[in-house]
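Asks: Protein chains in written order, with the working numbering: chain A, 7 to 247; chain B, 7 to 247; chain C, 7 to 247; chain D, 7 to 247; chain E, 7 to 247; chain F, 7 to 247.
Read the hints as simulated data drawn from the structure, not as lab findings.
Take these hints with a grain of salt, some might be off.
Unchecked claim - Capping the alpha-carbon separation at 25 Å, the derived lysine-lysine pairs in DSS-like fashion look like this: (1) B/Lys179 with F/Lys153; (2) B/Lys153 with C/Lys60; (3) D/Lys179 with E/Lys179; (4) E/Lys60 with B/Lys60; (5) B/Lys153 with B/Lys12; (6) F/Lys153 with D/Lys60; (7) E/Lys60 with C/Lys153; (8) E/Lys179 with C/Lys179; (9) C/Lys179 with B/Lys179; (10) F/Lys70 with E/Lys179; (11) C/Lys179 with D/Lys60; (12) C/Lys153 with C/Lys12; (13) A/Lys153 with F/Lys70.
Claimed, not checked - Some residues of chain A that are not near chain D, with every Cβ distance over 12 Å (derived): (14) Arg99; (15) Arg107; (16) Leu238.
The beta carbon of each residue, even a glycine, is placed where N, CA and C say it ideally should be.
There are 6 protein chains.
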Amino acid sequence: MAAQGKTGLVVTAHPGDFVWRAGGAIALHARKGYRMKIVCLSFGERGESQFAWKRAGATLDEVKRGRRDEAERAADVLGAEIEFFDAGDYPLRPTAEMFERMVDIYRETNPAFVLTHALEDPYNFDHPAAAQFAQETRIIAQAMGHKPQANYTYNAPPVFLFEPHQTEMCNFKPNVILNIDEVWDTKRKAFEVLAAQKHLWEYYTRVGLQRGMQGGRNAGVPMTYGEAYQRLFPTVASELA
Amino acid sequence: MAAQGKTGLVVTAHPGDFVWRAGGAIALHARKGYRMKIVCLSFGERGESQFAWKRAGATLDEVKRGRRDEAERAADVLGAEIEFFDAGDYPLRPTAEMFERMVDIYRETNPAFVLTHALEDPYNFDHPAAAQFAQETRIIAQAMGHKPQANYTYNAPPVFLFEPHQTEMCNFKPNVILNIDEVWDTKRKAFEVLAAQKHLWEYYTRVGLQRGMQGGRNAGVPMTYGEAYQRLFPTVASELA
Amino acid sequence: MAAQGKTGLVVTAHPGDFVWRAGGAIALHARKGYRMKIVCLSFGERGESQFAWKRAGATLDEVKRGRRDEAERAADVLGAEIEFFDAGDYPLRPTAEMFERMVDIYRETNPAFVLTHALEDPYNFDHPAAAQFAQETRIIAQAMGHKPQANYTYNAPPVFLFEPHQTEMCNFKPNVILNIDEVWDTKRKAFEVLAAQKHLWEYYTRVGLQRGMQGGRNAGVPMTYGEAYQRLFPTVASELA
Amino acid sequence: MAAQGKTGLVVTAHPGDFVWRAGGAIALHARKGYRMKIVCLSFGERGESQFAWKRAGATLDEVKRGRRDEAERAADVLGAEIEFFDAGDYPLRPTAEMFERMVDIYRETNPAFVLTHALEDPYNFDHPAAAQFAQETRIIAQAMGHKPQANYTYNAPPVFLFEPHQTEMCNFKPNVILNIDEVWDTKRKAFEVLAAQKHLWEYYTRVGLQRGMQGGRNAGVPMTYGEAYQRLFPTVASELA
Amino acid sequence: MAAQGKTGLVVTAHPGDFVWRAGGAIALHARKGYRMKIVCLSFGERGESQFAWKRAGATLDEVKRGRRDEAERAADVLGAEIEFFDAGDYPLRPTAEMFERMVDIYRETNPAFVLTHALEDPYNFDHPAAAQFAQETRIIAQAMGHKPQANYTYNAPPVFLFEPHQTEMCNFKPNVILNIDEVWDTKRKAFEVLAAQKHLWEYYTRVGLQRGMQGGRNAGVPMTYGEAYQRLFPTVASELA
Amino acid sequence: MAAQGKTGLVVTAHPGDFVWRAGGAIALHARKGYRMKIVCLSFGERGESQFAWKRAGATLDEVKRGRRDEAERAADVLGAEIEFFDAGDYPLRPTAEMFERMVDIYRETNPAFVLTHALEDPYNFDHPAAAQFAQETRIIAQAMGHKPQANYTYNAPPVFLFEPHQTEMCNFKPNVILNIDEVWDTKRKAFEVLAAQKHLWEYYTRVGLQRGMQGGRNAGVPMTYGEAYQRLFPTVASELA
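From just these sequences and the hints, can you work out the full model?
Replies: This is the structure in structure tokens:
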């Protein structure tokens, strides 16, 4: 299998993000044989857990535990491993130690690509904070003088930004549409793990259908479900088209 | 050969453009077995032929003939066929007939990609005019009701803009760097056909080296010569990276 | 009724555009008592009528007649009157006479607002051509010395751009979301007049639902169906929010 | 009175900002019955108090006291209450406690709108810092899990950016012009509280006149004094124009 | 005098433009010894002559004659010569002959700089049309093969765009502020030639004062009146600052 | 000498930056009599010293010492003095004390210009961090209330951004090309101090040649070597061109 030994890395602010926005890419590459690793910076415990806080007497620890369990099950459905940083949400505030750990993960996995949030999001400041964190550590991992004892080979991987909620407000401009037809059922199953956000299942199903229609039009070949990405750095190619 | 039956289309305002800016892509795809077709909208007879006009008594026809011959030889070196539209240069003013002919070419060749100029160029208004022409006809060729008797299959191909002279002034933002190492010698030979513009040989050799260095850094794999392109429409992909 | 005597003007390149993109606004303002007038620059006869051209022996006149009939019925469903300019499509080429007629329409109707296409659309050059036409004539109508004999009162109306197919590729940035819940059924009925484009009914229903969700989130008040617009000129207000 | 129970919130870096840039909006909405609350993050003690530092032996405390008094009097003229955060200026460095306090204010007041600085200002880094602070806390206040014991209703309000000193350098693009004719005298009186910045009275009077002229042209209805705002998020509307 | 033999060229759509927007630069360079030449593409007869059309029985010729006289007197006050192209206004439609004449003017005058309109203006389409015309002809004049018999020395001059009415709506970003203190009285006298537009005298006086204040702040040296320009092409310098 | 008493200030993240990117400007102004002062925020010890870390047992202190020595020799070749802040690299994290020191340097030197990094660089986050640091301190130094006892005259100097590695990816848009022909040999000698980065000597020589060619074309006067800068704030001028 061509993907033997390849890793795909995903850095998200909250659990919902990797399900709604990148679930197709995760499932698709897992199926191709990639090791898929998610770094989930928080449990979405304050901003993404309305349902849990409606219960009288809910505590932060309890809410975190519930969301962790849910996120682990969703990652499992998608075929990915997951590591939590517990950096807090609303606001997301990663520490210097988390920064170091993220650099180590880049070096350990030497990923073929990294997926993260859009660079701007006026509706959610945790998202650009996560993207900044993913990008800055990606660069630091290149520095020979950072933990210089290590004997490593690391190439900063291409960065793909996944689709934010209101793309135009985030200046998100997709230049890659990923055909996720063959893993759509898996992505949808991961949606259903997020039982408390049932109102979003149909919303993100429609997102997949719209991007599928656009992908089909751009390629001239029909497809049904798509995920949109914005690749940040130039592709180096040996053939056009 | 995978390229069997594929065509690459190039639409330029003047002969120099396809040599300096896209010569590597042309030679590379020709070598891969693509039919490479250049539509050269003018002979560059007024704006790109200083040397010819220095001769006393030079006439427009004479200058055109000289540039046509040169352009044909350069296309030949690169492995491409060439069709001239004789739309004039400085300014470039394509007629309705040329518009129709361009639509026909899209349909006849059903190209795998089209290369043309950047969308803006405050130093040369023929360049964006050619890009507009290439893009508008690319769309018209899709219209079922345009020459409806034709029995055709046509998909609007991806568009790649090649590098203008002062990229930042043209808001040109490359997202593809093509590795042209294996055809560099051919591109350089095509430079040498343009004997009167010898001062540009070294300039565009340096462009190739700078893009090669940048390509190597982006990919983490060394390369020497590159050509930069800006892909306009999203790629539809089945795998990232 | 507050809308007594007010007119809303819609300028589109093709019939489909006023149905898919602005059908909600048209129906909503018609219901409020606005006179709604559509200027449809072409019949979409070449680029939007695939089905018709599949019939052997189809002629341009026949196709135009068919589309005109369809467009008139759709306008009727929405509660609007419609005027065709027959400027051709793919490409759209309005004449000087059409320009004059459009200026007259602005003056005759003195509209409270004008709806038209996005300013850019690399997938369809008729769309920005229509927007340019609508905008330029809107300004000319202000010139005292244009048909100076007329005794008129005309204020250049606010311009709202409706949503293009791939918003991010068109640099379309919505700043108004219109709640069209109360006329959704009417908009959907107009969809169904366009029998040959049945595959788009669901696509544009999803567009309405996504914009509805976004409108609800922005306002903090639930709504189901929305239409997105980009207002071009500043609003003059006497109260914020 | 329609405004009964409504609040308008203003978040500024320095005292001068709410007077020069938003004084009209404050006075106008106060007159309409809004509770107007200003959060003034610093006293402008280091960067906006040249006059005070010219006195030999001036101390920071003294300067702050002077500016506080002045700011309170200006707020009073405009009809607003004011709360100081004392976050320092040049540079402005809000603490975590101030962040929490600001979140509380959003929840307590549930404002109908919030006014703050432009997002960029290369002439004054306190301004975008204040805007970032106002925006980030506006979002955090939505998180159910932030101080979850509270029983509250909060909707993130629309954000209006007021006019910076050199708009084009700040990429400020106004899309709302507020007619402040009926409160101009009040705004001017607030100017006059800032006795030491007399040279700015005429400057900002001219700003008001220019925006008034522009507002009149955009609306087709004369007005004399305007304040320009950039609304950040889409408006949800039930009628266009 | 250093300016001996130097020419400054100004290309405007209407007479008002060179007075309100560039009157300071014209008068200042005329005083320095530059030959100042204005190409005024229309008489502003339809869009800028409201007063004239209010007279019953006014004819186009009459209005043109009136505006020509006024424009000549204003140019005279400023110390410039003026050439009219009579291309019409609202809309401005230059012919191929005018294009040729403009190329000739560039070659004949070989100007040290050219002043023209901003590249965008959604309030007035004649303005960007004039800017496009000025820029395109500036490039054509470089083509050796255009009227090749001529024995000329021509360098495409730097382009400065003058300030449009609503800068932010026109994406106008000034990078040069010209100190016009020493010719302010002359500019103001030219205003007063435009007797029918008296309401604009104060408006453009305020523009001058605001730009003067901004110029003073940027330079750290006081000045009173400024004119803002956007230089399009890079400056070549032998010293910074 | 006109430059008597003038200072040019350079703020860079790493030693290589002032050599490759601004070496020409430094040498040129030093030759004109400017005091040239470089603030070098780190030694580039982690990210720019691959060669040093290849030696077994290399320590951070040793690497820093090596790079300091090299940087001092390069500054010496260019005719500049240099002050190191030792803020660390990869990532660069300046402290509050460094912030204060930088403000003092602005006041002490009252520079005629400041050179620093581009505002964005997705390949190197130290670069925009340095630019932000240089800009923010430049503004703070203006505040009368910052260290108010000082008796100083300070005007915030013009800011010039030097050229980053991949200009288009950094949204770098040069508007000044400095002719460095007369100091090219000196710049090249400074390259050769950086013995371990020999592969970059030719790269940056080509950068100089490309900018020289572009400068020549923009000015219409030949030159060989250039350095590109982006001036951030408007120039105040008393003559155009």
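Asks: If a hint holds in the structure, say so; if it does not, say that too.
Replies: Each hint, compared with the structure:
no. : hint                   : verdict
1   : B/Lys179 with F/Lys153 : violated (45 Å)
2   : B/Lys153 with C/Lys60  : holds (13 Å)
3   : D/Lys179 with E/Lys179 : holds (12 Å)
4   : E/Lys60 with B/Lys60   : violated (57 Å)
5   : B/Lys153 with B/Lys12  : holds (24 Å)
6   : F/Lys153 with D/Lys60  : holds (12 Å)
7   : E/Lys60 with C/Lys153  : holds (12 Å)
8   : E/Lys179 with C/Lys179 : holds (21 Å)
9   : C/Lys179 with B/Lys179 : holds (21 Å)
10  : F/Lys70 with E/Lys179  : violated (43 Å)
11  : C/Lys179 with D/Lys60  : violated (49 Å)
12  : C/Lys153 with C/Lys12  : holds (24 Å)
13  : A/Lys153 with F/Lys70  : holds (15 Å)
14  : Arg99                  : violated (9 Å)
15  : Arg107                 : holds (23 Å)
16  : Leu238                 : holds (22 Å)
Violated hints for the displayed structure, listed by number in ascending order: 1, 4, 10, 11 and 14.
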